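Visitor: Chain A is already provided as a structure; the job is to place chains B and C on it using the hints.
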Amino acid sequence: MLAQYVVNGVLTGGIYACLAVGFSLVWGVLNVVNMLHGSMVVLGAYFCLYAVQQLGTPLYVAMPLACLFLFAAGYAVQKGVINRVIGQPILITLTLTFGLELIVNNLLLHLFSATPRSLVTNFGAIEVFGLRIPVVRIGGMLVAAILTVLVYWLLRHSKIGRAIIAVRMDRHAAALMGIRIKQIYALTFGIGALMAGAAGCAMALIYPITPMMSGLFLGKAFIICVLGGLGSVPGAIIGGLVLGLVEGVGSVTLGPQWATSVGFMLMMLVIIVFPSGLAGKRGYE
Amino acid sequence: MNFDLSSAMKLAIGSAVFAAGALLAVTLDNYQLQVGTSLAMLCVLCWAWNFVGGYMGYPSLATSAFFGIGAYANAVAQLHGASLSVAWMVAGLAGGVIAALVGVPMLRLKGHYFAVGSIAMVEVGREIANNWDGLTGGAVGLNLPLMAGSPDYVSRFFYLAMLALAFLSFALTLFIERTRFGFGLRCIRQNEDAASMVGMDVFRYKVAAFVLSGVLCAMAGSIYASMVAFIEPKDAFNIITTIEIPVMVMLGGMGTLFGPMIGGVFYVVLKEFVWANFINWHSGILGAIIVAVIYFIPAGVFGTKWSILISRLRRSPERKPSKLAEIKG
Amino acid sequence: MRVAYAMFTAATLCLLNPTAGQAQETLRLGAPIALTGPLADAGVKSKQGYDVCVSAVNAKGGVKVGGKSMKLELVEYDYQSETNRAVQLVQRLINVDKVNFLLAPYGSGDTKATAVVAERYGTPMVAAAAATASIFDQNFQNLFGVLFSNSMITNAEVAYYTKTTPDLKRVAVFAMNSLFPKAIAASLVESAKAKGLEVVYNEIYSPDTSDFSNILTQVKSLKPDWIYATGYTQELVQVRRQMNDLGIEAKLVTMTAAPAYPEFRENVKALAENVTTNSWWHQNANYKDDYLFGSSLKYNEIFRERFKRDATYLEAAATASCETIAMAIEEAKSIAPDAVRKVLREKTFNTFYGPIHFGKTGQNDVNAALVLQIQKGDLVVLAPEALKQGQLNVGFPAKK
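Protein chains in written order, with this note's numbering: chain A, 1 to 285; chain B, 1 to 329; chain C, 1 to 400.
Because the hints were derived from the structure by calculation, they are not lab data.
It should be emphasised that the depicted structure is a prediction, and the values quoted were computed from it without experimental measurement.
Keep in mind that the hints are not guaranteed to be accurate.
Calculated cross-link-like contacts (lysine to any residue; reagent style SDA-like; alpha-carbon spacing at most 20 Å) [what the hints assert, rightly or not]:
id	chain 1	residue 1	chain 2	residue 2
1	C	Lys98	B	Val154
2	C	Lys220	C	Glu203
3	C	Lys308	A	Arg117
4	C	Lys220	A	Ala3
5	C	Lys399	A	Phe123
6	C	Lys269	A	Leu59
Next up, chain A with everything else stripped away, as it sits in the complex (with noise of 0.2 Å):
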């Protein structure tokens, strides 16, 4: 039974390092915390529902088209609003994104209402040596790896990766270098916002959407970017392992009712005595 315990965990665990892959992302290189976060989560999430419910459009075409137009809008959103307040200390960026948050978060109050709504799927579990393992959930942990391989290859063998590294670097020296800052800051919130998306997705063939989960979203994120390192991509696999193995022994040992409460205490410790994460890598890597 133990085993099935550490299979919850680490099936749990990828779906949240899914959803901060690209917060950590955004938070590594921009040095902004994304409020919209959780808003862009369960956008992709809706939008995914809406493609596949009403449009009849099948799981693995929505997906991408999710991520486009996530990429898309959190472009817009980089270049139109947040790239005024690059550099500036965490309470304007963090409030400005909250701002933003509000907005988004009517929207979609509005549009799609607080009922919950799923995407029926049944794929099922597979039975390995007497341990459950739901399909959907190595689905979930599946996109979490392809994203953050993506990622990682990306900003390493690709010009624009190099470029947004050298950003974070340093800016001033990146603009001497001829990089185009506000364009870099533009993509890599396009691709946190791409990666947001996918999660969504993925997040919709598991849970029931609401509107109201874009806290529960950002909360997570939250706490596997501080546990796994700021702004660190593998950072955020091993943040969200940590998460889900951790709260499984609290629910198994300290009792269901503290599951959640043992996340936020380790976040609370772990920033006091590691602020640069369980992984140890500082800043951008």
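Guide: Chains B and C in isolation, oriented as in the chain A frame:
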């Protein structure tokens, strides 16, 4: 302490405003008194935040944590038979003690990390209140003993109590602005390392500011709890409030004397107006207002050099106003 | 003589003149409603319930107060699911809008907090969504609850299931850490123990829980006969899905309160089959109502015509809370709070919602608990015997 003519004038203006507020208690109806009490409460929280976030430049999001601690400490004290004033003192004390205990490790962090740590305080506070049934009643909430008296009397009482606390916060801010302590805080904001090199005991100043902030927030929470006579975790440790407070102070001007009050009043008036007229879109419009404030006057009403802003707007709309450098932490 | 004649004419004209009657006040019911925020889903439904009542009463010509008729008016504000705002709004409703009576907000905590204000001012307030006894434990004279207590529901459930399910011995309970779900789970544990069942698991999960795999794994390992889960739609949909993921089987699965609402079935589709639940009201109970609507079925028809779906106990309770106030006023022949409060305390109201009698604590003490099961996608009433529509399908999940 450096008490000059300008301080005296500020004290006079502030006192006049509060005296007027107190006199209004006679003419306002109970609903207006309730709104006034909420407003005074927000002003207290803004002034409390201003010590840590405004003067000292540490982006604290822990306001609701201390507010909740104060509310619950007060409730528990009252339920164990303490009188109202004793319970309020207990709440303030609880806020201060916890601020000291948590502040010592947490004030070593800066910037983003401090902000995250402080917001974690609110979440942890809420979770503990939710789960520690024996002490806090858990998710069910706690009923406080109802204060005796007619609704008119009760409304006036809490209004004046909160107003008094607000005046205290104002006076403390004015006082501290003029002392070495306030000067020290401003030094920390500008350059913490330099301040430390010059021989200031930076750490002690930080903890002191944090504790002061914690005590004031806790007392505001305790008065609120007694007034509403029922508290629950999600209400006492409210995440939205803890983010709104810095926005209010920013609106008015961080690190200024009147900024928190003006910001608080503006924000509440704005919020009420929006809520009354755009009932379905009020949170969206509020968000738009916040975005607009950050966009155009990030230094707030009192922090912005309006003449420069206007001349810049007239000259070239694309130039980023350099007054942003003022608030760089 | 001419003066008397003139006065008589004037008086008659006043009585006959409809505008004179309308220039008189309307009867104002104050309602803080959660139109936004986490409770928005339920808040909007409550409002729909209130609207149906107000329309129906006004269509009849209004509430008869002694000689004249007064139109009913709902004064509502959005309290954004925030308790302190609800409290402020009740102050506003009383002081500024000068409402005559209050309708409590949806959340249990919000009801308790606003009840404090209502009590201070002596304004009777009827709550449509508060079933937990602890809400009524403050000895308030002005708080009235339409929903009867949780223990009545759980006693009915335990009684029915022990009779109809062979070998029902072990119960596993998990509840959301929020006033109502926690309270009804506690009631169930009491009821179950009283009937000799063994409670093998009794835990609480935090309201932000999105993953139940660990709780369910623990439950699965204990092999219970009966699994009882409480929470709201969001959580229970997730619980059902994860039960499926983990392959959980039992004789009986009960969930409170989501399966009573259509959203639950929409979100889990085929997985809803055989899930049991309970309710305070169902249209098939077919209570008679001479004051409005005629019967439960007729009420549901009116509701369905207006909102394109069946009414659940949530909307019906909202309508009933407004209706009891109207009925009490007519009985008291006055809108004075003291007079109406007296009637509310003493009278039994026969409504489409069933008989409502506000007991000593202010909560309805008439037991009309319904036990239901989802069969072939529809809610079927299993108990009480008089209203039964079908038999219990034992075994979970449902065999294909």
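Visitor: Are the Cα atoms of lysine 269(C) and leucine 59(A) separated by 20 Å or less?
Guide: 18 Å, holds
Visitor: Holds or violated: are the alpha carbons of lysine 220(C) and glutamate 203(C) at most 20 Å from each other?
Guide: 14 Å, holds
Visitor: Does phenylalanine 123(A) sit within 20 Å of lysine 399(C), going by the straight-line distance between their CA atoms?
Guide: 18 Å, holds
Visitor: Are the Cα positions of lysine 98(C) and valine 154(B) separated by 20 Å at most?
Guide: 19 Å, holds
Visitor: Between lysine 220(C) and alanine 3(A), is the straight-line Cα distance small enough, at 20 Å or below?
Guide: The given pair, whose Cα atoms are some 14 Å apart, holds under the 20 Å limit.
Visitor: With the threshold set at 20 Å, check whether the alpha-carbon distance from lysine 308(C) to arginine 117(A) stays at or below it.
Guide: Holds - the C-alpha atoms of arginine 117(A) and lysine 308(C) are around 18 Å apart, at most 20 Å.
No hint from the list above goes unmet by this structure.
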